[in-house]
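K.L.:
Here is how the chains run, residue by residue.
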Amino acid sequence: MAFLKISEPGESRKAKTRKLAVGIDLGTTNSLITSGGDGEVEVILDEVGEGLLPSVVHYNAEGGSTVGVDAQKEAKRDPKNTISSVKRLLGRSKLEGLEINRFKQHKFDSEYGEDTLPAIITGAGTKDPIQISADILTTLASRVRQRFGSEIDGAVITVPAYFNDAQRQQTKKAAELANLNVLRLINEPTAAALAYGLDSNEEGNVVVYDLGGGTFDVSVLSLRKGVFEVLATGGDTALGGDDIDHAICEWITENGLTEETLNANYSELILYANSIKHQLSEEDCIDLVFKNWSGTLDRGEFAKICEPFIRKTINACRRVLRDSKIALQDIHSVVMVGGSTRSPVIREAVEKYFGRPPLTSIDPDTVVAVGAGIQAEVLVGNNTTENFLLLDVNPLSLGIETMGELVEKIIPRNTTIPVSRAQDFTTFKDGQTVMSIHVLQGERELVSDCRSLAKFNLKGIPQMVAGAAKIRVSFQIDADGLLSVSAEELSTQQKAEIQVKPSFGLSANFIEDILESSHENAESDMETRSLRESQVEAKQLIDSIDFALKSDRELLNEEEKLTLDHAKDRLIELIDSGTSAKIREATEELNRISSEFAARRMDLHIGQALKGEIIDNIDNS
Amino acid sequence: MQIANKNYFQLFDLPESYDLDTDRLTAQYHKLQLDYHPDKHSSASEKEKMSAQVAASYINDAYETLKSPLRRAAYVLTIKGKDAERVDQSDLSMEVLVEQMELRESLSDLPKDDTALQALEELKSIAQGKIQKKQLKFEKEIESGDLSVAKQTFHELQFLFKLLAEIEEGEELRLGY
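Chains A and B are the protein sequences, given in the same order. Here the working numbering is used: position 292 in the first sequence is 292, and no number is missing along the way. To convert, take the position in the second sequence, counting from 1, and add 621; that gives the working numbering.
One chain only, chain B, in its complex shape (with noise of 0.2 Å):
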């Protein structure tokens, strides 16, 4: 299948940039699988219907990487030759290592009844601010072709999206849902 072939920026006739217009995302990838879905070739032969599966699992694969904000950043590195995968020593100062563990400590020092929503949520709005501004920081780096400098930003979001998802598991618990 030809669509394997290209990148998954390509594949959506998108920019190969961080930055995103998420709209056009969703309706290039509906406009794809649209074409490409087992189910738009119910009456094809076995042979097609495999190659349709194989193409529209592709797409899938695709859209759910740009959509999600951290596995983007991972892709766009990956694109550019930086192993993404992979943390160097030197990725992570002290400063930043310091100031994850501050965060986390705060979380965990949190009551484990209703009382610490509030917290919990006041908690949840520095993450967000703080992802916001490493989203941009990222993108400008990634601009910039300071690819180094843009590893290290991805292993930070990599902490912050981590933290985010654990506030967030802490108010379900809360909540008792």
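One chain only, chain A, in its complex shape (with noise of 0.2 Å):
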């Protein structure tokens, strides 16, 4: 029975008032972007019905660009000018910028910008991570442009989960300059959950496996009545499948091909790597030719070229999982996301780990911009069916730099935003009246492994004697994921704040994995605590002594002075060349001697404040 569907009066005005929002999916391969303008949160299609656009642009002579098929067809012909990848540059300094295989066939402009942006030459002009992510997203926004003939309101982007801050601000950077007003970034195995698990139905603890061409991320979410709760994400912000592909050109190399084809022929043998790839998903064993040189490859030598890069995501899956604090048994599914997780040697060691087969029946390649899309219609304001709500974590841990530069964690990774947290420091000298705070990203417990991303300062403290002051931190993260922090001193309330924004260019070839050195430097960062914990004890008695001393000299007998000073300039030498026991040793030495000093100073000062009280009290009469 077919009823004629008539509209109620003003629903036509309601439809309106309904915003465009877009979810994008900027991968390191291909990118897409969906969209709900039709109701349904779909992937939106270019003019020949191709959905993913593949992350590569073209710039020719004439100051012109190409982004996507059309611009991979140039690789070939004009591989300087061609720049795929992009994505691994963004965060990044020139230096290590340099460092990556995938961008040895460009120049970089070591000239441009006045950060240390890594720009590269191009015949269009030089051209930064940002200008050439902006130029993808363009593209993408076109297509939505031209299906519903009207403005993006808003637009959710996906990022991995393990980008740090410099990352983050970067893609946002790229999307406004795309003419893109950003709601939010989400991580991009988030975003896939929650497109998963609104389509599923499924509840309980679901591991997202997201391995792409340059990125790997994985997290623990529970799945529970609509809301999605990330437990714990963690990964490698440089792994990903490109790293396979260059991989095999290696076991190429090694295997006969000369260095002199290998250097002609450097871009070339990339996408002749990367279709091998693609073929091993499909047959067991393949013949390879390539210019002069010819072999052959079976999938369990192909598995052993794998291998390292396999081994690391599982180290991470391990590692996630121990934050989440959920057992392997309690997990119910395992997601995989990601063009890479089509490979049966990936699923193979994942099925080994998790002990189960991992769920594939999704499409990994629109997954993440499907969730991200529905996000977009939720914050762009839009009435959605599923009540459904997301709850994610900060990825890293959140810190400032306290005394002999060690980092004290204030918001650890992986806790639930939006979050408050805040902790009370002291001054270290006395009269001191300025303090800095020094915000950092990073796991390990110094700060010059540690990502800095802002300083200021908490002027106008009372002066007080050291560790009189109570100075207030606190750090707040909102549901965005933007940090912002003050210091206030708490007896006259005196604050300063600051809205983090990205330090760039600091030397950063740690990040992706900060994680993991961190744990493999534990033990030697304990020492290395121990021994800067020592030294800023030592220090700081020594200023106090002298500071003592220029006023209070004349408490002291000629032979008080001289064992003082002794011991004082022993410990001086033991700082820069002792370990942590003996500059221990030597501060507790000196600390005994100088008591009785400290003792005659007390009573003298009290004296001089009971005096002075006095006098008070007669001006106040």
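Worth flagging that the hints you see were computed from the coordinates, not collected in a lab. Treat the hints with caution; some may be incorrect.
[As the list claims (entries may be wrong)] Coverage of chain A stretches by chain B, computed from C-beta distances (three or more under 8 Å per stretch; other residues unrestricted):
hint: 1; region: 143-151
hint: 2; region: 222-234
hint: 3; region: 378-386
hint: 4; region: 403-413
[Stated by the list, open to error] Capping the alpha-carbon separation at 30 Å, the derived lysine-lysine pairs in DSSO-like fashion look like this:
hint: 5; chain 1: A; residue 1: K409; chain 2: B; residue 2: K688
hint: 6; chain 1: A; residue 1: K173; chain 2: B; residue 2: K668
hint: 7; chain 1: B; residue 1: K733; chain 2: A; residue 2: K409
hint: 8; chain 1: A; residue 1: K19; chain 2: B; residue 2: K652
hint: 9; chain 1: A; residue 1: K409; chain 2: B; residue 2: K703
hint: 10; chain 1: B; residue 1: K703; chain 2: A; residue 2: K470
hint: 11; chain 1: B; residue 1: K668; chain 2: A; residue 2: K455
hint: 12; chain 1: B; residue 1: K627; chain 2: A; residue 2: K495
hint: 13; chain 1: A; residue 1: K409; chain 2: B; residue 2: K755
hint: 14; chain 1: A; residue 1: K225; chain 2: B; residue 2: K751
hint: 15; chain 1: A; residue 1: K352; chain 2: B; residue 2: K733
hint: 16; chain 1: B; residue 1: K703; chain 2: A; residue 2: K312
hint: 17; chain 1: A; residue 1: K19; chain 2: B; residue 2: K670
hint: 18; chain 1: A; residue 1: K409; chain 2: B; residue 2: K701
hint: 19; chain 1: A; residue 1: K325; chain 2: B; residue 2: K755
hint: 20; chain 1: B; residue 1: K733; chain 2: A; residue 2: K312
hint: 21; chain 1: B; residue 1: K670; chain 2: A; residue 2: K172
hint: 22; chain 1: B; residue 1: K627; chain 2: A; residue 2: K225
hint: 23; chain 1: B; residue 1: K668; chain 2: A; residue 2: K495
hint: 24; chain 1: B; residue 1: K745; chain 2: B; residue 2: K758
hint: 25; chain 1: B; residue 1: K733; chain 2: A; residue 2: K19
hint: 26; chain 1: A; residue 1: K409; chain 2: B; residue 2: K783
hint: 27; chain 1: A; residue 1: K225; chain 2: B; residue 2: K652
hint: 28; chain 1: A; residue 1: K225; chain 2: B; residue 2: K755
hint: 29; chain 1: A; residue 1: K19; chain 2: B; residue 2: K661
hint: 30; chain 1: A; residue 1: K173; chain 2: B; residue 2: K670
hint: 31; chain 1: A; residue 1: K352; chain 2: B; residue 2: K745
hint: 32; chain 1: B; residue 1: K661; chain 2: A; residue 2: K173
hint: 33; chain 1: B; residue 1: K751; chain 2: A; residue 2: K325
hint: 34; chain 1: B; residue 1: K661; chain 2: A; residue 2: K172
hint: 35; chain 1: B; residue 1: K668; chain 2: A; residue 2: K325
hint: 36; chain 1: B; residue 1: K703; chain 2: A; residue 2: K325
hint: 37; chain 1: A; residue 1: K325; chain 2: B; residue 2: K733
hint: 38; chain 1: B; residue 1: K661; chain 2: A; residue 2: K225
hint: 39; chain 1: A; residue 1: K325; chain 2: B; residue 2: K652
hint: 40; chain 1: B; residue 1: K733; chain 2: A; residue 2: K304
Beta carbons: idealized from backbone N, C-alpha and C, even for Gly.
Relying on the hints, combine the two individually framed chains into one complex.
P.N.:
Set out below in structure tokens:
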């Protein structure tokens, strides 16, 4: 029976107030865009019906650019002006850019910009990773504008869960450059879990294993009655299918391809390696021919090539499971996301570790963008049929620098956001009126091993003895993952705060494995920490004795002065050369020697203070 | 925001005891976040969004406190009027200290390679067994209002959880991840 559909008055008006939201998966290899403009969130196709847009940009001599399949066609002919995998350059320094294999056919502009963005010289001028990413985003956005004939109100863009602050900020900048209003950046595995969970109605603990072209993420989520709670997330922002392509190239070279042929045809060989990888998903053994070289590769040998990369991903899974406090047997399903998970070699390894076959029924290429599109509908304010909520976490620990260049963590990794945490600190020197707050991101104990996010000063601390002032430092991360930090001196309520902006260009080779090295270095970190702490204690004692000597030297007789100076000099010497135990010993010795001096000073000053009070009383009466 | 006036147990509508129905805690937590989380107020005014954010942060903190067995123990002591952060000399008996030292020594004496994994596993289950016993003890002491004794038990739990974390770190180091 067919009824004529009669719209209620006002319904068409309502339809117009529905906003146009998009979800974007800005991938290393491919990108795509989804929209709920027609009611249901779906992938928006280009004019020839293709959803995936290769993340490749070609810049021509006329100053223009092409993006996607057309750009890809230029890779062989004009490799210098064809840029792929630009996502790998986001948030990196010039130096790091040079070290990435993928970019060895490009020329970086060493003079570019105020900061150290690794910009590439092309026929159309110098392009930095933000501009190149923006070109990809613009191409995607134009699909939606064409399809719906209206402006986009807001976009949710996905990033690897393990992206650090600089990588996130640059993604956001690229979107702004492409004229997109960013509603939020959400983590790729979280987006995938959202799309998967809403579609399957599954409940329980789900692991998302997301191996893309250039990044690896793993997240553990609890799905329960419409709430998607991320329990823990981890990964490697520089590990993906790309690396396997390069490893295949290396294997071919080891098996007889001449260095000359390799260097003359590098980008072509990469494309060939990529096609070998895809073929091995279908076939068990294939014959290879490249220029004047030939050979065969079977799955067993291929598995050996992939092994180091797979092992890295499985280790990340272990660590995330530990952080989530979920036992292996309490995992209900493992969802595979990202094009690289099509490879049977990878599927087998994941199955072996989790003890169950991973789910591969969903389309690993589109699920992330669909999840982003669903979240975009909610954040733009459109009514959605499903009542759901995403509870995400901060992926890397945040803290501040304390004496001795140590990091005190204020918000540990995998804390659910929004969150606010505060911790009290105190002054280090007598009469200190300024405190410098240095905000850091990372898992290691030393400042030099973490990423610096911001620095600011709290001024106007009233003059007090060291350790008497109480300074409360508060960290706040909002639902968008943005951090703000404030510091307040509690007795005077003197306040300073800052919204954390990225600081580019710090040497950050280590970022992708901050965590890994934090475990490897846990023991030496502990020793270093102990040494630093002993140095700080020693310096503090020396400072306070110097301060006291300046005003009250006459309280000591000559012999006492000599003994004190001697013990002090010995400690000063040890600070730079001694072990923590030696420094502590000498500190205690100096402390013992100076205790009588401290007691005399105390008596003197109490006496003076009492006198002062009496004068005040007289004045008041 | 009125929810900030409630203590964490009241917030989740749970009895004020150490023993806790964690499933119910999670269910209540999700229910509250479905109401208060800023994403549920994306079309609201800036002011409303701000207060949603404050509320959601408070709820997150409450949840993390009650979910963690150690933080929950400290919190129970705090709402009963005991400062859990301050350790008094009398809080730790010689016996406890010696036991802790022995456990710690047996951890640091283990070889630094993967031959220690079996021993680590055994040490882990010893620590877990002790934790379980102490938790039951703590629960009873709180119930009977024996707060000073409960505080001692809490400090013992602190030791044991720290030890457990170190054992797990030791496992990670030896497994190379």
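K.L.:
Does each hint fit the structure? Answer for all of them.
P.N.:
Structure-based check of each hint:
1. 143-151: The restraint on the region 143-151 of chain A is violated, since only 0 of its residues have a Cβ under 8 Å from chain B and three are required.
2. 222-234: Coverage by chain B holds for the region 222-234 of chain A (6 residues, Cβ < 8 Å).
3. 378-386: It holds, with 4 qualifying residues against the three required.
4. 403-413: violated (count 0)
5. A:K409 to B:K688: holds (20 Å)
6. A:K173 to B:K668: holds (26 Å)
7. B:K733 to A:K409: Distance of about 27 Å is within 30 Å: holds.
8. A:K19 to B:K652: holds (28 Å)
9. A:K409 to B:K703: With Cα atoms ~26 Å apart, K409 (chain A) and K703 (chain B) stay inside 30 Å; holds.
10. B:K703 to A:K470: holds (23 Å)
11. B:K668 to A:K455: holds (28 Å)
12. B:K627 to A:K495: holds (28 Å)
13. A:K409 to B:K755: holds (29 Å)
14. A:K225 to B:K751: violated (35 Å)
15. A:K352 to B:K733: holds (27 Å)
16. B:K703 to A:K312: violated (46 Å)
17. A:K19 to B:K670: holds (20 Å)
18. A:K409 to B:K701: Holds, at about 28 Å.
19. A:K325 to B:K755: holds (20 Å)
20. B:K733 to A:K312: Judged against 30 Å, a Cα distance of about 21 Å means the pair holds.
21. B:K670 to A:K172: holds (22 Å)
22. B:K627 to A:K225: holds (25 Å)
23. B:K668 to A:K495: Within the cut-off at roughly 22 Å; holds.
24. B:K745 to B:K758: With Cα atoms ~20 Å apart, K745 (chain B) and K758 (chain B) stay inside 30 Å; holds.
25. B:K733 to A:K19: violated (59 Å)
26. A:K409 to B:K783: holds (17 Å)
27. A:K225 to B:K652: holds (9 Å)
28. A:K225 to B:K755: Violated. K225 (chain A) to K755 (chain B) sits at ~34 Å, over the 30 Å cutoff.
29. A:K19 to B:K661: OK: K19 (chain A) and K661 (chain B) at ~17 Å, within 30 Å.
30. A:K173 to B:K670: holds (24 Å)
31. A:K352 to B:K745: Holds: K352 (chain A) and K745 (chain B) sit about 25 Å apart, inside 30 Å.
32. B:K661 to A:K173: Holds, at roughly 26 Å.
33. B:K751 to A:K325: Roughly 19 Å between the alpha carbons, so the hint for K751 (chain B) and K325 (chain A) holds.
34. B:K661 to A:K172: Holds. K661 (chain B) to K172 (chain A) sits at ~23 Å (cutoff 30 Å).
35. B:K668 to A:K325: violated (36 Å)
36. B:K703 to A:K325: holds (29 Å)
37. A:K325 to B:K733: Given that 30 Å is the threshold and the Cα spacing comes to 25 Å, the pair holds.
38. B:K661 to A:K225: Roughly 15 Å separates the two Cα atoms, so the pair holds.
39. A:K325 to B:K652: It holds: about 22 Å lies between the C-alpha atoms, which stays within 30 Å.
40. B:K733 to A:K304: holds (28 Å)
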